[in-house]
Amino acid sequence: MDGASVRRRLVRDTRVRIALVVLAVIALSAILAPHIAPYDPKQQLDITHLNGQPPSLAHPFGTDPFSRDVLSRLIFGTRVSLAIALSAVAIAMTFGTLFGAIAGYVGGTVDAVLMRIVDAAFSIPTLLLLIVVIALWGDIGIVSLTLLIASIGWFTVSRLVRAETLVVRNADYVVAARALGMPGWRVLVRHVLPNVVAPAIIASTLAVGNVILLEAGLSFLGIGVRPPTPSWGSIIQDGSERVSDLWWLTVFPGLAILITVFACNALGDALRDALDSGQLLSSFDDAPLSS
Amino acid sequence: MTPPLLEIDNLRTWFYTDSGVARSVDGVSMRVDAGETLGVVGESGCGKSVTALSILRLIRAPGRIEPGSAIRFEGKDLLTLAEADIRHVRGNRIAMVFQEPMTALNPVFTVGDQIAEVARIHTDMSRKEAAAKAVEMLRLVGIPDPERRATEYPHQLSGGMRQRIVIAMALVMNPALLIADEPTTALDVTIQAQILELLADLTRRLGTSILLITHDLGVVAENCTRVIVMYAGEVVEEATTSDLFRHAHHPYTEGLLGAMPRVGGHAERLATIPGTVPAPTNWPAGCRFRERCEYAWERCEQEHPPLYQIGEGHVSRCHLAVEPERRANRHVPIAAQVGAGAA
Amino acid sequence: MRRYLAGRLLQALGVVVFVTTLTFVLIHLAPGDPIGQALQGPNVTEAVRNEWRAAYGLDRPLPEQYLRWVASAARGQFGYSFSQHRPVRDVLAESLPRTLLLSSIAILFSFGLGIGVGLLQAERPRGARDRWLGRVLLLLYSVPDFWLALMVLILFAYRLPLFPAGGLHDSVTYAYMSPTGQLLDRIKHLVLPVLTLTMLSTASIARYQRSALVAVLRTDWMRTALAKGLSWRQAVRQHAFRNALLPTITLFSLTVPTFAAGAIFVEMVFSWPGMGFNTVHAIAARDYPLVTSGVLVSSVIVVITALLADIAVAAADPRVRLS
Chain A
1 MDGASVRRRL VRDTRVRIAL VVLAVIALSA ILAPHIAPYD PKQQLDITHL
51 NGQPPSLAHP FGTDPFSRDV LSRLIFGTRV SLAIALSAVA IAMTFGTLFG
101 AIAGYVGGTV DAVLMRIVDA AFSIPTLLLL IVVIALWGDI GIVSLTLLIA
151 SIGWFTVSRL VRAETLVVRN ADYVVAARAL GMPGWRVLVR HVLPNVVAPA
201 IIASTLAVGN VILLEAGLSF LGIGVRPPTP SWGSIIQDGS ERVSDLWWLT
251 VFPGLAILIT VFACNALGDA LRDALDSGQL LSSFDDAPLS S
Chain B
1 MTPPLLEIDN LRTWFYTDSG VARSVDGVSM RVDAGETLGV VGESGCGKSV
51 TALSILRLIR APGRIEPGSA IRFEGKDLLT LAEADIRHVR GNRIAMVFQE
101 PMTALNPVFT VGDQIAEVAR IHTDMSRKEA AAKAVEMLRL VGIPDPERRA
151 TEYPHQLSGG MRQRIVIAMA LVMNPALLIA DEPTTALDVT IQAQILELLA
201 DLTRRLGTSI LLITHDLGVV AENCTRVIVM YAGEVVEEAT TSDLFRHAHH
251 PYTEGLLGAM PRVGGHAERL ATIPGTVPAP TNWPAGCRFR ERCEYAWERC
301 EQEHPPLYQI GEGHVSRCHL AVEPERRANR HVPIAAQVGA GAA
Chain C
1 MRRYLAGRLL QALGVVVFVT TLTFVLIHLA PGDPIGQALQ GPNVTEAVRN
51 EWRAAYGLDR PLPEQYLRWV ASAARGQFGY SFSQHRPVRD VLAESLPRTL
101 LLSSIAILFS FGLGIGVGLL QAERPRGARD RWLGRVLLLL YSVPDFWLAL
151 MVLILFAYRL PLFPAGGLHD SVTYAYMSPT GQLLDRIKHL VLPVLTLTML
201 STASIARYQR SALVAVLRTD WMRTALAKGL SWRQAVRQHA FRNALLPTIT
251 LFSLTVPTFA AGAIFVEMVF SWPGMGFNTV HAIAARDYPL VTSGVLVSSV
301 IVVITALLAD IAVAAADPRV RLS
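Residue numbers (our numbering), protein chains in the order written: chain A, 1 to 291; chain B, 1 to 343; chain C, 1 to 323.
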């Protein structure tokens, strides 16, 4: 497929432009959190007069039951939520890519065994297990949380990458490289991996959205990011006992999650479409019916 | 003179792709007379399949049949028909047989149902009558034990059988014109002959005209009365089959004939045409075959050749028609010079 | 076919054994135990707690505890729930039907809706209708499940008090209602959780159905169908749809685990005392038998649906059925 035409298609796609702007704004607010947040996110400003106040000029997103400024917590929460999502996805994708590439490249029994593992992983209620583990182990830190989330996120990508590797493995240039005596791992790194990045990138983009949702869900259950550290999910958790009157604790962080995840998913969809129609159009003469 | 059954006039089917407008069919005219078998030959990408699909308006986005094109059939312009009226033509007056019998049939319906469906669409036959019609069609195309076969699914049949099913499906309504797009390319050589014979036999009996699209001049020689050679979205030569094989005019046709294996021929290497078909998004100015041509000269670069009349029913899109002495000047084509090492 | 089924069954059994063993080990390796949780406080000495542990067999080596649990689970005895003070079997018998009720209604709605929307989209891929529906679906697909539940709760139970905020039925007046009134009350309590769960899963079903259909639309036999004289709509609805339903059956089995997860949050937010609600509370209480059984039951359901879906695909697809 033609890389230039994929790029052209992406640049022209409105979804891509909007998503990138949104994600850039979110990433910037995470980086600049200490400079743009009006208050200290953990400071209880005035527990008697400022607890659970609705949005006002001084506190545009209101305050929580501990009299903390929700906007500031949201901005700092962006850091935590994004950091967890990005690192969990990076770990999961690296592992999944290697797993899939090795399975596909080595083939034979190794492939069969590795893919059986993935099949099994697909058929178990991973979220439930994750909840059990995290809940029972109690006060786990953000690092362990990230690792645990990563541990259930690599199956899909490993399947994708394996399928892609199987295709690349028999390509002429890979066969040639092997025939020339290039060691297996070098062929894998030099020739196979660069060719399987495309599906891995799409999967990663979609995975970031999923992990943000997962972290928020766990924090909402009170077993993800622990207080007083703010994350998008834990702010909602802070208000979950009183959703009927403290709606701003639910609405604003939820919108932050929704917008971010939506941007990630839109970007992932656009990437997939761009790559997909690239393949489609290259054979337009044979298949004029495809639209 | 009776009007032709089908007359294509200046058909242009363009595809609006990201990498530009692909002018896959670029001003094609041809006619099919009642009862005749017309062969359309060319390499893949020359626009012959797109022409075939354009006749039944089966072109979808990003493809478009450009205004100014006309396809007249039984006194109507198919391109201006209402959607409901063109559907009445499809499968009824004009039927198609596709290249790939493995994928042309829906895997989750029995072949009997798929044949019967045609009758159900175009007549008010009951389900039962249509099913009986399907069995009858299966018998017609020479499938043994048709009652049982009708209840089978495509994957249970061999490629040759499936192509018979596709043909049965096409002939249900006894169409006036059958468009066969490379009907044997995907089949074994022995099956190919059987299928072609079946087609010829059936259409002779039913009086159907055939538009036979192929890249195989051998198939043309055996089945067609007239031939159209297409190159780069255009007709480059048209002649009766015997004329074409005896005095091919266009250098491209010469090349195709040279590339044809002959029974009892010398064991020398088959000639090939150097280079490849240019991209449909960017047809060269002048003659589109120029770079691959052994005779090309300055005029071919500057002037897009029209279809020259060179004999009774014989036209050719080559300036050699007006400067025949150039035929003596054979040289190595540009395409072969550039890629000299590779060939 | 029979060999295929036997193989699938064996595989399903393997997954169930693996998951429950894993859960059992994980739970027992985790810090804390039910006795510590139930008998907290300075007034109970460690010696007393140990007596209780011995009484429930919690002092035995892990493999022994595991074998005991497997042996009794096989007989339908799932042990005693420490947090609910009654046999786990009773808890399951009560909460499983509730979750099944909730999920099956939502599954019915979301598959109907999802398949319909996917069809509407795929009829004209990349047309205006496809794009707009696609955006709405992507938005729904990006919504955090618990947040959607909370928003539905805030909007339709608090801001506009149309429906009750949670529970199975009205806790005070239910007992005094007529049978019809009781039924209506139960339905009213089902509306919001079902609505939430339906919205959540419709998005992914429709997206999947659309892409399955679009893939089918590109096939040669769709072109054949058009060349026969079928209209585009007929070809999509009669030819493509039937083919695209095959992956949807598979999707069904993939959706069930998602449903299990979505149901956890929905049950939590709407205080629907089903499996998810009970399991989360059991985890907090370190109620080993209840957690383990909860996971066992969920994985059995997940595995069984996957199995059924595979069989259904095999039955519906002549290529599989007849080979």
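To be clear, the hints were calculated from the coordinates, so they are not data collected in a lab.
A virtual CB, placed ideally from N, CA and C, is assigned to each residue, including glycine.
Fair warning: there could be bad hints in the mix.
[Claimed, not checked] So the derived list for chain B, only partly shown, Cβ under 10 Å to chain C, looks like this:
id	residue
1	90
2	99
3	185
[What the hints assert, rightly or not] To spell it out: a stretch of chain C is covered by chain B in this simulated footprint if at least three of its residues, at any positions, have a beta carbon under 8 Å from a beta carbon of chain B; those stretches are:
id	stretch
4	46-53
5	220-230
6	235-245
Hint check:
For residue 90(B), the interface hint holds, since its Cβ comes within 10 Å of a Cβ in chain C; the closest pair sits about 4 Å apart. A distance limit of 10 Å between C-beta atoms decides the matter here; for residue 99(B) the minimum to chain C is near 8 Å, and the interface restraint holds. Because the closest C-beta pair between residue 185(B) and chain C is about 13 Å apart, greater than 10 Å, the hint is violated. With a cut-off of 8 Å between beta carbons, the stretch 46-53 of chain C has 0 residues touching chain B; three or more are needed, and the interface restraint is violated.
Requiring three or more residues with a Cβ within less than 8 Å of a Cβ of chain B, the coverage given for the stretch 220-230 of chain C holds, as 10 such residues are present. With 3 residues carrying a beta carbon less than 8 Å from a beta carbon of chain B, the stretch 235-245 of chain C meets the three-residue requirement, and the given coverage holds.
Going through the hint list in order, the structure does not satisfy hints 3, 4.
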